[in-house]
Every structure is written in structure tokens, then in C-alpha cells.
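*Asks:* To convert, take the position in the sequence shown, counting from 1, and add 40; that gives my numbering.
Careful, some of the hints might be misleading.
[As the list claims (entries may be wrong)] Beta-carbon label-pair distances, calculated as ranges: (1) I137 with L57: 13 to 21 Å; (2) F145 with T53: 28 to 36 Å; (3) L144 with T53: 18 to 26 Å; (4) F145 with A87: 39 to 47 Å; (5) R161 with A86: 37 to 45 Å; (6) T113 with A87: 33 to 41 Å; (7) R161 with Q111: 15 to 23 Å; (8) R160 with A91: 28 to 36 Å; (9) V115 with A86: 34 to 42 Å; (10) N49 with F145: 35 to 43 Å; (11) L117 with Q50: 20 to 28 Å; (12) F145 with L57: 16 to 24 Å.
[As the list claims (entries may be wrong)] Below, computed lysine to any residue pairings styled on SDA-like, alpha-carbon distance capped at 20 Å: (13) K136 with E147; (14) K136 with R69; (15) K136 with Q99; (16) K136 with A106; (17) K136 with D92; (18) K136 with A165; (19) K136 with G114; (20) K56 with V66; (21) K136 with E153; (22) K56 with H44; (23) K136 with R161; (24) K56 with R72.
I should point out that these hints are in silico values taken from the structure, not numbers from a laboratory. Cβ atoms here follow ideal geometry from the backbone N, Cα and C, with glycine treated the same way.
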Amino acid sequence: MVLHEVTRNQTPTSEKLAQWAAAGQVSVRTTRTFQHHQQMLAANPAAARTADLGELAIQETMNDFALDQPQQTGVFLFEDHKIARTSFLLPDNCRKISTRAYLLFLEQQGWLESAADIERRAIQAGRSFSKLRFPPD
């Protein structure tokens, strides 16, 4: 469902994300949320819900992960400011972190030269980051 959400509309980077996923760069799991959405679309497209399905699919995946892998820690990396405000019921072994916070962490560790530069390049390439911005240099 999440991959469907980020690739269903034509954006400057949606095709790149679809190609990246198709090349096996990331493991993609089909969720019950997506299966239900597909069934609803087939039965009655006008009545199919579209709002917040990505968020529901993420919660489903995190809960399944917590049950299947209780000794592992799951990390949900997001870039949408709406997610930051959303009340997710996260299992104890799951964390959510914004792309911006992750980039800052990498920079603080010395593994990345400039988090702000990465964000600027992503925006120039067509990514739509949230309205929150790094302070000016």
C-alpha cells in the first residue's frame, strides 16, 4: 500500500521510486490494507476509501513485525510532516524517525557531510519535503 501511495500519482520522483522498488532495492510486502483497497476499487471505485491508507498499512506492517520479530527493532523512516503529528500506536520494538532527523543523525556521526545539502538536492530533484525547513546556513 505504501509503495502504491508514493507511485500512484505522477510526480517528479514517482517513476524513480517505482523503478528502484522493481529492481529489488527494497523488500515490499503486500498488506491486508492494500488487498482490501484493491477489492473495494474493483467492486465500486467511487466508494473506495483513499485517505490515510498508507498510514494504516504502515501500522499494520509495524504490528505484524512486532509479532513476527519480537527480538528485532523496526524503524519507520518517513518524510511527511503529517506522519510526525499522527498518533501511531507503535509496538515497543518499533521506532519512527523523520528523514530530516535521520539525515541530521548521519551528519552528526560524520557519515554524511551535509544533511541540508541532501535535502536541497532532493527538493531540486522534485521531492516534496514537508514545509518544515532547515534553518538558513
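*Asks:* Are the hints correct? Go through all of them and say.
*Replies:* Okay, the hints, checked on the actual structure:
I137 and L57 have their C-beta atoms about 19 Å apart, which keeps the hinted 13 to 21 Å range intact. Taken as a hint, the range 28 to 36 Å is violated for the pair F145 and T53, whose Cβ atoms sit roughly 23 Å apart. Between L144 and T53 the beta carbons are some 22 Å apart, a value that agrees with the proposed interval 18 to 26 Å. In this structure the hint that F145 and A87 lie 39 to 47 Å apart at CB holds, the actual value being about 43 Å.
One distance hint, 37 to 45 Å for the beta-carbon pair R161 and A86, holds here, with the actual separation near 40 Å. Checking the proposed 33 to 41 Å range against T113 and A87 shows it holds: the Cβ atoms sit about 38 Å from each other. Taking the beta carbon of each, R161 and Q111 are about 37 Å apart, not inside 15 to 23 Å as hinted. Between R160 and A91 the beta carbon distance is about 31 Å. The supplied range of 28 to 36 Å therefore holds.
In this structure, V115 and A86 meet the distance hint of 34 to 42 Å, their C-beta atoms being roughly 37 Å apart. Restraint check, N49 to F145: a C-beta distance of roughly 30 Å breaks the suggested window 35 to 43 Å. Distance hint check: the CB atoms of L117 and Q50 are about 24 Å apart, consistent with the given range 20 to 28 Å. A C-beta distance of roughly 23 Å is found between F145 and L57, which places it inside the suggested range of 16 to 24 Å.
A C-alpha spacing of about 19 Å is found between K136 and E147, which places the hinted pair at or below 20 Å, so the restraint holds. Of the supplied pair hints, the one linking K136 and R69 holds, its CA atoms being roughly 18 Å apart against a limit of 20 Å. Distance hint between K136 and Q99 is fulfilled; the C-alpha atoms sit about 11 Å from each other, no more than 20 Å. Using a Cα cut-off of 20 Å, the hinted pair K136 and A106 holds, with the two alpha carbons roughly 14 Å apart.
About 17 Å separates the Cα atoms of K136 and D92, which keeps this hinted pair within 20 Å; it holds. Between the alpha carbons of K136 and A165 the distance comes to roughly 25 Å, so the proposed pair goes past 20 Å and is violated. A hinted pair counts as satisfied when its Cα atoms are at most 20 Å apart, and K136 with G114 qualifies at roughly 8 Å. A C-alpha spacing of about 13 Å is found between K56 and V66, which places the hinted pair at or below 20 Å, so the restraint holds.
Among the hinted pairs, K136 with E153 is inconsistent with the structure: their alpha-carbon atoms are about 23 Å apart, more than 20 Å. For the proposed pair K56 and H44, the alpha carbon gap of about 13 Å is at most 20 Å, so the pair holds. Proximity of K136 to R161 is assessed by CA-CA distance (about 23 Å); at most 20 Å being required, the pair is judged violated. Proposed proximity of K56 and R72 is contradicted: the alpha carbons are some 25 Å apart, above 20 Å.
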